[in-house]
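Asks: Each chain, letter by letter, is given below.
Protein chains: 2
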Amino acid sequence: MTPDEMLTGKYISMLNRLGQAHLAAKMKAHDIGSGQYSFLLILYHHDGLSQEALSAKLLIDKGTTARAISKLEAAGYVRRTKNREDRRAYHVFLTDKARELQPELHQAIMEWNEKMLEVLSPEERLQLYSMLKRISDNTLKNLKECEGTHTTE
Amino acid sequence: MTPDEMLTGKYISMLNRLGQAHLAAKMKAHDIGSGQYSFLLILYHHDGLSQEALSAKLLIDKGTTARAISKLEAAGYVRRTKNREDRRAYHVFLTDKARELQPELHQAIMEWNEKMLEVLSPEERLQLYSMLKRISDNTLKNLKECEGTHTTE
Chain A
52 MTPDEMLTGK YISMLNRLGQ AHLAAKMKAH DIGSGQYSFL LILYHHDGLS QEALSAKLLI
112 DKGTTARAIS KLEAAGYVRR TKNREDRRAY HVFLTDKARE LQPELHQAIM EWNEKMLEVL
172 SPEERLQLYS MLKRISDNTL KNLKECEGTH TTE
Chain B
52 MTPDEMLTGK YISMLNRLGQ AHLAAKMKAH DIGSGQYSFL LILYHHDGLS QEALSAKLLI
112 DKGTTARAIS KLEAAGYVRR TKNREDRRAY HVFLTDKARE LQPELHQAIM EWNEKMLEVL
172 SPEERLQLYS MLKRISDNTL KNLKECEGTH TTE
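Chains as they are written, first to last, in my numbering: chain A, 52 to 204; chain B, 52 to 204.
In isolation and in its complexed conformation, chain A is listed as follows (with noise of 0.2 Å):
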């Protein structure tokens, strides 16, 4: 690996970042936290889902996501209800209110993926969607392999 190639991930923090402050700026009236987004984002495909798949889903630590999930609830985005089997565990439904948004969400996001990408051209485009699936899927599978050697230990 060169030097440079050891950036790969400080660039991709870096748009993560970018993209981040783009929703948060375009977000700005609906009080919403940038790190809430990601909740409300698998909520519209997965909505009902208990806070501990969100967690797995999203890879986010437990803490982290049950301080999302209050925010957004008091925001008046999302509702908790008990599971009836195991009243520790909270399933998370999205509002009218979340659902208004959605529209205006996927426009933001759009609009960030057409700005972080006009410098590209439509080949490059594919080219770097590709790639990151191809990393991403590759990731989540070892990840996934080691999770599953560490519980039958």
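A partial selection of chain B residues facing chain A, derived with a Cβ cut-off under 8 Å:
#, residue
1, S64
2, M65
3, I160
4, K184
Below, simulated SDA-like cross-link-like pairs (lysine to any residue); rule was C-alpha separation at most 25 Å, straight line:
#, chain 1, residue 1, chain 2, residue 2
5, A, K61, B, H157
6, B, K184, A, L177
7, A, K113, B, A125
To give a feel for the contact side, a few chain B residues facing chain A, derived at Cβ under 10 Å:
#, residue
8, M57
9, K61
10, Y62
11, L66
12, N67
13, A72
14, S85
15, I111
16, D112
17, K166
18, E175
19, L177
20, Q178
21, L179
22, I186
23, D188
Since the hints were made in silico from the structure, they are not lab data. Think of the CB as a built atom: it goes at the ideal place given N, C-alpha and C, for glycine as much as any other residue.
Once you have looked at the hints, place chain B on chain A.
Replies: Positioned in the frame of chain A, the structure of chain B alone reads:
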């Protein structure tokens, strides 16, 4: 933009979280939260930077920066001194404890880059790095131009 390309930001965000999870696991013994590494990594090259400059360099808002620096201070990794001219401004300095951590932190970051890129050929790694650098540089340039516009308006 194809629907696939719209997901570029999603993969960047996912890879960033995977990287943070990797670092958190590797650095577990050191009492540092996942959001706090970025500050140390900047300070290794710019020791004594003001809290405001750290916040601007990392594009992390002032409140989050202040909380991260407080935690790093409480854990003994940085100390703060007040600016002589502006008593509300703080400069942040690394402690010996933080300096001692540097090789281990760099090792963990190197491992993460290797893990993440293992699925790509040497040519693809270079391509990915160079595309991420271009989109990152371009987005930062646009952001600075916008800020310039705002301040002169």
